[in-house]
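Chemist: Given the sequences, and given the hints that come with them, work out the whole structure.
Protein chains: 8
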Amino acid sequence: MEKVDLDELDFAILSFLQKDGRMSFTIIAEKLKVSIGTVRTRLNKLIEEKTINIIGRVDPAKVGFGAYAHIAIFVRPATFNEKVAKKIASLPEVSFLAGTSGDYDLEVDVMCRDNTHLEEFVTQISKIEGVHQTKTTIYFKVYKYAQPDLNLIKEGYGIA
Amino acid sequence: MEKVDLDELDFAILSFLQKDGRMSFTIIAEKLKVSIGTVRTRLNKLIEEKTINIIGRVDPAKVGFGAYAHIAIFVRPATFNEKVAKKIASLPEVSFLAGTSGDYDLEVDVMCRDNTHLEEFVTQISKIEGVHQTKTTIYFKVYKYAQPDLNLIKEGYGIA
Amino acid sequence: MEKVDLDELDFAILSFLQKDGRMSFTIIAEKLKVSIGTVRTRLNKLIEEKTINIIGRVDPAKVGFGAYAHIAIFVRPATFNEKVAKKIASLPEVSFLAGTSGDYDLEVDVMCRDNTHLEEFVTQISKIEGVHQTKTTIYFKVYKYAQPDLNLIKEGYGIA
Amino acid sequence: MEKVDLDELDFAILSFLQKDGRMSFTIIAEKLKVSIGTVRTRLNKLIEEKTINIIGRVDPAKVGFGAYAHIAIFVRPATFNEKVAKKIASLPEVSFLAGTSGDYDLEVDVMCRDNTHLEEFVTQISKIEGVHQTKTTIYFKVYKYAQPDLNLIKEGYGIA
Amino acid sequence: MEKVDLDELDFAILSFLQKDGRMSFTIIAEKLKVSIGTVRTRLNKLIEEKTINIIGRVDPAKVGFGAYAHIAIFVRPATFNEKVAKKIASLPEVSFLAGTSGDYDLEVDVMCRDNTHLEEFVTQISKIEGVHQTKTTIYFKVYKYAQPDLNLIKEGYGIA
Amino acid sequence: MEKVDLDELDFAILSFLQKDGRMSFTIIAEKLKVSIGTVRTRLNKLIEEKTINIIGRVDPAKVGFGAYAHIAIFVRPATFNEKVAKKIASLPEVSFLAGTSGDYDLEVDVMCRDNTHLEEFVTQISKIEGVHQTKTTIYFKVYKYAQPDLNLIKEGYGIA
Amino acid sequence: MEKVDLDELDFAILSFLQKDGRMSFTIIAEKLKVSIGTVRTRLNKLIEEKTINIIGRVDPAKVGFGAYAHIAIFVRPATFNEKVAKKIASLPEVSFLAGTSGDYDLEVDVMCRDNTHLEEFVTQISKIEGVHQTKTTIYFKVYKYAQPDLNLIKEGYGIA
Amino acid sequence: MEKVDLDELDFAILSFLQKDGRMSFTIIAEKLKVSIGTVRTRLNKLIEEKTINIIGRVDPAKVGFGAYAHIAIFVRPATFNEKVAKKIASLPEVSFLAGTSGDYDLEVDVMCRDNTHLEEFVTQISKIEGVHQTKTTIYFKVYKYAQPDLNLIKEGYGIA
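Top line first, the protein sequences correspond to chains A, B, C, D, E, F, G and H.
So for the first sequence, numbering that gives the first Met the number 0 puts the first residue at 0; every next one is plus one.
So for the second sequence, numbering that gives the first Met the number 0 puts the first residue at 0; every next one is plus one.
So for the third sequence, numbering that gives the first Met the number 0 puts the first residue at 0; every next one is plus one.
So for the fourth sequence, numbering that gives the first Met the number 0 puts the first residue at 0; every next one is plus one.
So for the fifth sequence, numbering that gives the first Met the number 0 puts the first residue at 0; every next one is plus one.
So for the sixth sequence, numbering that gives the first Met the number 0 puts the first residue at 0; every next one is plus one.
So for the seventh sequence, numbering that gives the first Met the number 0 puts the first residue at 0; every next one is plus one.
So for the eighth sequence, numbering that gives the first Met the number 0 puts the first residue at 0; every next one is plus one.
Bear in mind the hints are in silico, worked out from the structure with no lab data behind them.
Don't take each hint at face value.
[Stated by the list, open to error] Covered, in the sense of this in silico footprint (three residues per stretch, anywhere, with C-beta under 8 Å from a C-beta of chain B), are these stretches of chain C:
1) 117-125
2) 132-145
[As the list claims (entries may be wrong)] Facing chain H, according to a computed beta carbon distance under 7 Å, are these residues of chain E, among others:
3) Arg112
4) Ser125
5) Lys134
6) Thr135
[Stated by the list, open to error] Below, a list of computed lysine to aspartate or glutamate pairs in the EDC-like style, where the Cα atoms sit at most 16 Å apart:
7) G:Lys2 <-> H:Asp58
8) G:Lys49 <-> H:Asp58
9) D:Lys2 <-> C:Asp58
10) H:Lys18 <-> G:Asp58
11) F:Lys153 <-> E:Asp58
12) D:Lys126 <-> E:Glu81
13) E:Lys18 <-> E:Asp148
14) C:Lys134 <-> B:Asp102
15) A:Lys49 <-> B:Asp19
16) A:Lys140 <-> C:Glu118
17) B:Lys143 <-> A:Glu81
18) A:Lys2 <-> A:Glu47
19) B:Lys134 <-> A:Asp102
20) H:Lys140 <-> G:Glu81
21) A:Lys140 <-> C:Asp113
22) B:Lys61 <-> A:Asp4
23) H:Lys134 <-> G:Asp102
24) C:Lys61 <-> D:Asp148
25) D:Lys61 <-> C:Asp113
26) E:Lys140 <-> G:Asp113
27) E:Lys61 <-> F:Asp4
28) D:Lys134 <-> C:Asp58
29) G:Lys140 <-> E:Glu119
30) C:Lys61 <-> D:Asp6
All values reported here derive from a predicted model rather than from experimental measurement.
No residue lacks a Cβ here, since even glycine has one placed at the ideal position from N, Cα and C.
Modeler: Following this line, the structure appears as structure tokens:
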């Protein structure tokens, strides 16, 4: 794990932005009693290093994605894993893609308009060389979508 | 589905912010050839309605979350589903929680410091009344974390 | 099995109606070279005995049922099987309900407007006493919906 | 989804025919207070568009189909899905065939004379190129076979 | 099913032999009040037609078969089913072999001296072309080994 | 394992009877060059000790058992295992019953007239206290039904 | 994780003992060019802290354990996990016991004389309150039993 | 099973070493009232025959192996089993490797630094020819790691 080096100020900035990604430098600087320039420099570094990524997360149900689903993908032979992952990652419907320790090899989360669109998507990825089997589960209801509390890892940085 | 009403301008604003959550009103206004006030009003409405949520997503591996996992939860009896979901949603380790159509009832994604922390977390939720069984899968490698292309749903709003 | 007694004429009438449920008595009588009265008497008997049931099958996708699904239901304890089946059979979304030999106890096929409606339906049946677990699978694409060829069973009636 | 356009009259006609596929034009016209010609025109259109299909459903147990079963089919590679579906759809024993979101690719419902006939059928489809595995479940007892209430989708057409 | 023709006398003879395979013709004839010749003729016919097979079943645990197991065999491609079955049937350890409707294709019951012998057997069949996977379950304790009551099928022969 | 003590003569007698359960004492004595009395004494001892059991095995398909099936039974709580086994063993349809090392607790093999009879049987055992779940698999085709070669265990008795 | 503090010398001592648990202090001291007293002090500390545990591992097959098995245990409710683990840990047959992230809660590895002994063991643990289900898998053949290379973790201690 | 010949003295020596692998010859000799030479001769023989293996078992958590896991490996075709086992056995992370009777073919226990290291390991073995699928389960907490009581097998050697 290529863990980055963070101090208490970095943590504070990350925490504010986790809650409100558009909080202004002025407000952050005021709250943390540091200069605006310091906040800007720190945040730019955190963004460049990809420690934080500030994104607008569109609520899929609100804008009309009627089929939000989790697709388990079994890749065979295993040597195709990376290739399959790259092809799937490029598809616009995909919001999350990860390799897993479980019985399936890749987990893909997708947002589709409706079940017909979802079916077309599944058919499309089924044709990728190396995709052996897919299993689709609908997310019926999202209860939480958030970032975990950074306090959980502060101790590891020697910050009380 | 309580789909909101969106026009072409809303879509354009959402698309910019999906890519860069901190893009300034000035730049958005310039690009879309509308006034800054219009952009601000629209975005405020989109945020208030919870159509978009601008968050800083911290990369778990970068900051030292060494155990990013997916936990499938089987709830029994089924009437405890909502109660269990609420209790789990309140835990700081949880980054995603949804009810699913599959063999398990709830999917919880968590970020923990390491496998010992993960074990403590699983033990903790196993004690919640109604949690019948849990099954933990490690996310070995995240290939993509993004928002789907809004072009996929434009047609449903009568926008070419 | 309370098998009914059928002769060659019954088979012929059943076959015509399997293909076109509204074929007129006149045409059937002509084709089979029997009187219209005979056709009417025979058909009425077949309908009364519930050997045939003439129904208009609405195509779910055409009229806006966007979530056609198969729900496997696990009943515990097994003595609740009949009771659970009766309650589920009374729900308007249900188009097919059967007890099975497999790992689950009841198979329910439902037609819902969309995944939100499907989620509500699954939540509703999960609250029925005796429903231990449910597992939902979406029917992505229906390739065939028909009646099997009656020729397959003619031999059992001594008809070549 | 290529949803058709339906008005209140269409719904009323469909509802009558769902219950009794042979209800005469005269009676429908009377009940709905429209002309027989209107009913005929409307129904013909609904049938031509394949919105409704009026079929005589023969009760399998009554006529001697002693083995009514559900066969889950796993297709490999996934690109054979359509081809396999077409071949299976042409077999006379098949009453339902659909692609699914689940762990198996195709669901086939068949009606056979007895378990020996069922075994022959399974052996036959196992030989189709692309059929990787089959899993057969017997339908022990059918509790309901019906069409869902059209009232469930009226709202989507703006009909109270 | 090539069901044979049996009358009440056949049933009586079969029933006696199910319980005691060495019951003498004299005793059977006395009990049924028919001639010894009749019993002999009937039994020979039943044996020739393979309706009954009189075997000495050795208790595996008593004579030192320490590993009595059930092996589920998955055959791929399915066209190898018959060939694989024939090869396995010829092995001396096999006491039962059948094709099944379930997730696996063949069920093999074997009696081995101990787990080492069982391991060698499983390795041996794993090398047969077409054997894709095997899954072995130990029979821990046999509670019943018997023939079902012929009374269960008498009715089908018109015998009260 | 309460292994019995067997010598070469015992083995020879057991082997003859495995193949033909009605082979006469005279023929066995001749073949083994011992007195008829010796054969009788030995066999009686083997039968009394339950080392061998001579039974007439009726071919289920030949006499009209149209549904030969394997039922996996899951018992909960585990303490009910013996009680459930005893109740099931007493049912006339049961031809084999054993406790297993696998995911299910008891394996029951049954012979029923047809699937309707099988359904009634499954419903009946589902009502036994302690039966948590059942899973039925049809035996489509029996390829072998035999006793394993006693040569496999001779070595353990010091017999070449 | 309560990781202990180790230096290069500790690693070297641990590595020697991993290979030969009875290597004498004299030889270790010579090889590492330190005093015998240093080796003794270090090893005593490593043993006291439980960093290393020097055990004679008896080869189960060599001494007559004919049934070496892995038992997956499902505990319900989850709150009984610790209690069940403690009871099972005290049984003499158990060589390994761990809580897992998978579908089952505890993995128990046991060495039994034969399958009869194994069956008795499984029956015994099935009676422990909280044991919901067990699934036993035989270890057919052990290919490796060893300690992993300490070089794999040296880097974490800043040792090249 | 190539069971070795052991007498009471062998058993006593093995028992002492199971508990403390470094117990001196002097102390063992004293406790068993035999000469030191006898103990040395016996132990050397037991080690040469590989009846016992005295190893220092390093506690993985203590020294910084943060990911202790069980990997189920499915080999296809089955003929690759031995080859795959040999390749995996040579990897330094592997602490246990066995062929099993279950649904998977090989069980591998590995100790890795963290989940990233574990992911690399799984990727590495996935590339071995013949590895069809892997499924990784984390050992969350080890409750017992020991040798089974030799008293369990004494009887088999005629030792009370």
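Chemist: It remains to establish, for every hint, whether it holds in the given structure.
Modeler: A quick look at each hint next to the structure:
1. 117-125: holds (count 5)
2. 132-145: With 6 residues in contact (Cβ-Cβ under 8 Å with chain B), the coverage given for the region 132-145 of chain C holds.
3. Arg112: 9 Å, violated
4. Ser125: 3 Å, holds
5. Lys134: 5 Å, holds
6. Thr135: Holds, about 4 Å.
7. G:Lys2 <-> H:Asp58: Measuring from Cα to Cα gives roughly 10 Å; hence the hint holds.
8. G:Lys49 <-> H:Asp58: Holds - the C-alpha atoms of aspartate 58 of chain H and lysine 49 of chain G are around 7 Å apart, at most 16 Å.
9. D:Lys2 <-> C:Asp58: 10 Å, holds
10. H:Lys18 <-> G:Asp58: 15 Å, holds
11. F:Lys153 <-> E:Asp58: The hint holds at about 15 Å.
12. D:Lys126 <-> E:Glu81: 12 Å, holds
13. E:Lys18 <-> E:Asp148: At roughly 10 Å apart (the allowed maximum being 16 Å), aspartate 148 of chain E and lysine 18 of chain E satisfy the hint.
14. C:Lys134 <-> B:Asp102: Within the cut-off at roughly 5 Å; holds.
15. A:Lys49 <-> B:Asp19: 13 Å, holds
16. A:Lys140 <-> C:Glu118: 8 Å, holds
17. B:Lys143 <-> A:Glu81: 12 Å, holds
18. A:Lys2 <-> A:Glu47: 14 Å, holds
19. B:Lys134 <-> A:Asp102: Answer holds: lysine 134 of chain B to aspartate 102 of chain A is near 12 Å, not above 16 Å.
20. H:Lys140 <-> G:Glu81: The given pair, whose Cα atoms are some 11 Å apart, holds under the 16 Å limit.
21. A:Lys140 <-> C:Asp113: The hint holds at about 13 Å.
22. B:Lys61 <-> A:Asp4: Holds. Lysine 61 of chain B to aspartate 4 of chain A sits at ~9 Å (cutoff 16 Å).
23. H:Lys134 <-> G:Asp102: Holds, at about 12 Å.
24. C:Lys61 <-> D:Asp148: With Cα atoms ~15 Å apart, lysine 61 of chain C and aspartate 148 of chain D stay inside 16 Å; holds.
25. D:Lys61 <-> C:Asp113: Violated, at roughly 35 Å.
26. E:Lys140 <-> G:Asp113: 13 Å, holds
27. E:Lys61 <-> F:Asp4: OK: lysine 61 of chain E and aspartate 4 of chain F at ~9 Å, within 16 Å.
28. D:Lys134 <-> C:Asp58: Violated, at about 27 Å.
29. G:Lys140 <-> E:Glu119: Holds. Lysine 140 of chain G to glutamate 119 of chain E sits at ~10 Å (cutoff 16 Å).
30. C:Lys61 <-> D:Asp6: 14 Å, holds
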